[in-house]
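**Q** Please take these sequences and the hints and turn them into a complete structure.
4 protein chains.
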Amino acid sequence: MLVIMKKDATEAQVEAVIREIEALGYRGIPMPGIQRTAICTIGNQGPVEDSRILALDGVKETIRVTKPYKLVSRETHPQPTIISIGNVIIGGEKPVIMAGPCAIESENQALTIANLVKQYGAQVFRGGAFKPRTSPYSFQGLGEEGLKILKKVREETGLLIITEAIDHANIELIEQYADIIQLGARNMQNYSLLRQAGHATKPILLKRGFSATIEELLMSAEYIMSEGNTQIILCERGIRTFSDNTRNTLDLSAILSIKEVSHLPVIVDPSHAAGRREYVIPLSRGAIAIGADGILVEVHNDPLHALSDGMQSLYPEQFAALMKEIKTLTK
Amino acid sequence: MLVIMKKDATEAQVEAVIREIEALGYRGIPMPGIQRTAICTIGNQGPVEDSRILALDGVKETIRVTKPYKLVSRETHPQPTIISIGNVIIGGEKPVIMAGPCAIESENQALTIANLVKQYGAQVFRGGAFKPRTSPYSFQGLGEEGLKILKKVREETGLLIITEAIDHANIELIEQYADIIQLGARNMQNYSLLRQAGHATKPILLKRGFSATIEELLMSAEYIMSEGNTQIILCERGIRTFSDNTRNTLDLSAILSIKEVSHLPVIVDPSHAAGRREYVIPLSRGAIAIGADGILVEVHNDPLHALSDGMQSLYPEQFAALMKEIKTLTK
Amino acid sequence: MLVIMKKDATEAQVEAVIREIEALGYRGIPMPGIQRTAICTIGNQGPVEDSRILALDGVKETIRVTKPYKLVSRETHPQPTIISIGNVIIGGEKPVIMAGPCAIESENQALTIANLVKQYGAQVFRGGAFKPRTSPYSFQGLGEEGLKILKKVREETGLLIITEAIDHANIELIEQYADIIQLGARNMQNYSLLRQAGHATKPILLKRGFSATIEELLMSAEYIMSEGNTQIILCERGIRTFSDNTRNTLDLSAILSIKEVSHLPVIVDPSHAAGRREYVIPLSRGAIAIGADGILVEVHNDPLHALSDGMQSLYPEQFAALMKEIKTLTK
Amino acid sequence: MLVIMKKDATEAQVEAVIREIEALGYRGIPMPGIQRTAICTIGNQGPVEDSRILALDGVKETIRVTKPYKLVSRETHPQPTIISIGNVIIGGEKPVIMAGPCAIESENQALTIANLVKQYGAQVFRGGAFKPRTSPYSFQGLGEEGLKILKKVREETGLLIITEAIDHANIELIEQYADIIQLGARNMQNYSLLRQAGHATKPILLKRGFSATIEELLMSAEYIMSEGNTQIILCERGIRTFSDNTRNTLDLSAILSIKEVSHLPVIVDPSHAAGRREYVIPLSRGAIAIGADGILVEVHNDPLHALSDGMQSLYPEQFAALMKEIKTLTK
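Chains V, U, D and H, in that order, give the protein sequences.
Take the first sequence: its position 244, counting from 1, is numbered 246 in this note's numbering, and each next residue is one higher.
Take the second sequence: its position 270, counting from 1, is numbered 272 in this note's numbering, and each next residue is one higher.
Take the third sequence: its position 105, counting from 1, is numbered 107 in this note's numbering, and each next residue is one higher.
Take the fourth sequence: its position 227, counting from 1, is numbered 229 in this note's numbering, and each next residue is one higher.
Certain hints may be false.
Same chains, same names: a pair is fine if it fits in one copy or spans any two.
Stated by the list, open to error - Here are the simulated SDA-like pairs of lysine to any residue, each with C-alpha atoms no more than 25 Å apart in a straight line: (1) K153 to I31; (2) K326 to G293; (3) K96 to E327; (4) K9 to E147; (5) K120 to E157; (6) K153 to P32; (7) K333 to T83; (8) K9 to R66; (9) K9 to T64; (10) K150 to E17; (11) K154 to R29; (12) K261 to R76; (13) K9 to T78; (14) K120 to R29; (15) K333 to G277; (16) K96 to M325; (17) K333 to I6.
Bear in mind the hints are in silico, worked out from the structure with no lab data behind them.
**A** The following block contains the structure:
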């Protein structure tokens, strides 16, 4: 059980709660947060009788943590979350299409691709300014320069912008430039970054770690939501398995497992999972057929020379074909 | 390199080939087969100059084994394999639907389910007579009694019959009763059984082992085909991963990876992968949308009392709904 | 629950048991075995009240199957199983060393290696006559010719012989030539072969499938033991994971997990797991330090030209060094 | 190829390098760093002829990146790294023993455990002040209060202190209190934190992510080292696999794989891998026998009431037994 104190609770009130928890035979440990103090109850095997605790001064509420996550669960919030940004709706009837290059390389490259994906029907432009790269010697992105280019893309095309934050410093910067802040697979359990994302005023797209269970993904979303940001989109992007026919194994059943227990929208990134552009169109069809709320794909005007980890970017004409197929599927 | 001898090649001819291989600096090892002797060349790093070997008496051909599989590959056989059984076509334009219970429990159960799945549009009836069960104390199937029931199902409904063979003795028996012989995931690398299946006169449905790579699956199909049986259907049924939201992780990209390198048809079994009946309809939609040549699903008139490993059997009305959705998708 | 009928139980007695099970509200399904009939009770959630069943004619005993395995468990048989063959003891205080080539290539090769490994202290000679190979075009072993060579090795060196059986036909043949019959990882769930091994008069070495859980391994051992053969040695040989630094990931904790719940001896095969001869010595040290009852290693007089899947065979001098280290460890 | 500019290189000099790279037919992308600018060369398939670049003003050196990591590799630095802190040597002849509770709970708990582990021979005291927990509602550690307790432990016992940093803010704090800064498995690819660790003045213990390959672990170490901190200890703590007999599968072959290509010391954490205290002693023996430079184990005076994720903490008497066994092994 978690005891949530009011914002203005005093230290004496916190201590009184801990004494009460100890009187019940457990231990109470204060966890000071940015906006409030919570007291964690340790040592109980089942539910704690909380009536006397709730009666204490300074106590806002208690949270029974039978499931490891709570706010992101369908139990707490049965209706699906729908995220509206401008006139784009995520989690509604139509799938949202997010497309663009792996990395922003130049203004010209970004605008060329953005105009293409817009023309074929994308609503959101993706492109990395800060790239989390396995090697310190790989291209790490253009940084704030890239964010400025993304801002220009939005001004010129009207597309929404999504880009990845990889640390405390750039999440604040990105909040100023982007419409959706992406947290990548490698940072899915960077709890400090998740907490900070919980204070952002922009929606968060949280990618599943490549070896995270669905429960762990939802717990990470709970970190964000427990800090106040309820606008979260989850993203399946392939998991690490023994199978070597694709870069990662796209786990399309994740769409179903997430929607069964959570109200959050789920999109699918087939580009990173497949690592092969030929697979992106059929896997996108599969994702939509199974019920994904959208897809996130890499598109490049010159895929063979893209600054990308793999060779997964679609040619513009492949993206056009993909959009046509999605329209047929969702008629 | 493999040197294939003619059927009537003499021992002296085999020895002459071995001497020639040794003269080239390698080793030749005879592998007597049921219908022919092959001589395996060991020790060569690259292609072997085979003109002098081909000129020897008794030599039929040489096979360069740069890829580990050959007969099942698209290189050798660019056109997709289409398997016709009666008026059912597997690998053609329409997906084939194979449905029925996990195990044949009784004549009444089998006929009830068969009539239901036929009514909703299935073409093939599945049901196990010999069950490979993890525990020796689990129900192992009705054996030949089950096969007789399956024969009756075919006579009464006109549905084709598929059932699993688990050893030498029952593969011969099943060949007499069934239209398609299934080899299960646990036997995917039972090479002795694969060879025997290569001599069967009925098509083989070969399930991917739950931790087999696509290459290993194709090599196992090669075992069957190298013995003469070219009628092989491959089946993706989920792989073993760390992910615990489903019983196994359905790897729908396997459809693409197989079709890229092989001419064999691929069907998908979502029931065993998901282990949850609620997931079977959407995963089937996904499989068809990605390009599967059919699906293999468990359906039971009384799923809660089915003799099945998990709780994955569809209710008849769920199967009806599934068939409706597949029709919409493939219009 | 499983009802075991006496050997001479009549059909009428079996039917009476089934009626009694039905009277309790469950279903009873007869499973005719080679030596006895068992009746499987289906539909019960918890333990079945069996007093009335035990009172029926022809009933030998009932087996409560709360755990999926029973005979191999420490609950049933708290003392560790010790297997004595000649003067070799497996499962006792000293680790047993099984060594030899991947495949028997010739009499000369086998005798050369056997004499070397004997000289350095091995007690059991390993060598494949029937090889389960991923590709049908790979060397499949010398067959019975190889078994004859193994027999000669035993006669000349006094070493015990272990070799792999891959199907019904060769398990009977191997029983005549070898001291220990090996069942390989790919056949760990070939239940038909397991049952047959249960009727063999020689001890069985059962390798863990490369994606089998410990429970599945024990269930497969239970298949053998439930047919009457209690002389079983288990073998950890690496599992399939995402990790690519070794061929398979050697799971040395398996030694502990098996010994915790089962009385069977466990040996470790580091050669197949590592796929690198440099790793075999330290991994063997680790296996012995953790508590393995022995090791199974590949040794070849000419490793670079061995007919082997990988390059894992030790040079004779490496084997000599390994034996020295094991002696130091187990002083 | 990476072109490293001198610290005082001007923008004009950077631009001149980029023009030269473009003249060679590639692209040059500047990556401003904290201490220096590097220019990443993109588009080359093989080595770049760098003589003209090296002749330019402001260029310090070029780094050929044929391997994805360089500074941590044995190629660059053939001698093993030995880390000396006070009179404790890590990477030398004797294994280092790091022991203590999962989390610092109170001064009394920490001092009690520290005195026990010191008495039995540990050299380093471990204990978390900032805990990365899967759920936001779990105990997150005492924070700086915990660090103060750790400082007291050092003063009273003379043990070195290791504790985990989970973000930018606490890494700076921890640097002031601890002797070794631990980066946890979930942060292994938090590149921003790795870079910051590269500027710390204390040695870093970097845990392998539970689904990281050895190459990825080394790349993450390269991130730290490329920023200037060469004092890095790697730690194997179990990987995520299908196998469910332990919490994670301890990959002891990782010790060998790391030492083969890197000069960094490797220690093993059997507590988190096993998740069972009974397994910690034998797995530690195995780790030392294989060649680990030390072990990191959880010990608690009252393990059943420890604030820990699992039940893996050793009882003090188990730790005493472990120390005795390690002494025997390393005599």
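**Q** All hints, please: hold or fail.
**A** Here's how the hints hold up against the structure:
1. K153 to I31: between (45 Å within a copy, 21 Å between copies)
2. K326 to G293: both (18 Å within a copy, 17 Å between copies)
3. K96 to E327: both (14 Å within a copy, 18 Å between copies)
4. K9 to E147: between (39 Å within a copy, 22 Å between copies)
5. K120 to E157: Classified as within: same-chain Cα gap 13 Å, cross-chain 58 Å, threshold 25 Å.
6. K153 to P32: For K153 and P32, only the inter-copy Cα distance (21 Å) is at most 25 Å; the intra-copy one is 42 Å.
7. K333 to T83: Within one copy, since 23 Å is at most 25 Å while 32 Å is not.
8. K9 to R66: within (20 Å within a copy, 55 Å between copies)
9. K9 to T64: So K9 and T64 pass the 25 Å test inside one copy only (14 Å; across, 55 Å).
10. K150 to E17: between (49 Å within a copy, 21 Å between copies)
11. K154 to R29: Between copies, since 24 Å is at most 25 Å while 54 Å is not.
12. K261 to R76: Answer is within: at 8 Å inside a copy they meet the 25 Å cutoff, but 39 Å across does not.
13. K9 to T78: within (22 Å within a copy, 55 Å between copies)
14. K120 to R29: For K120 and R29, neither the intra-copy (56 Å) nor the inter-copy (28 Å) Cα distance is at most 25 Å.
15. K333 to G277: This pair counts as neither: shortest intra-copy Cα distance 29 Å, inter-copy 30 Å.
16. K96 to M325: both (12 Å within a copy, 24 Å between copies)
17. K333 to I6: Answer is neither; intra-copy 47 Å and inter-copy 55 Å both fail.
Hint compliance for this structure: hints 14, 15 and 17 are not met, and every other hint is.
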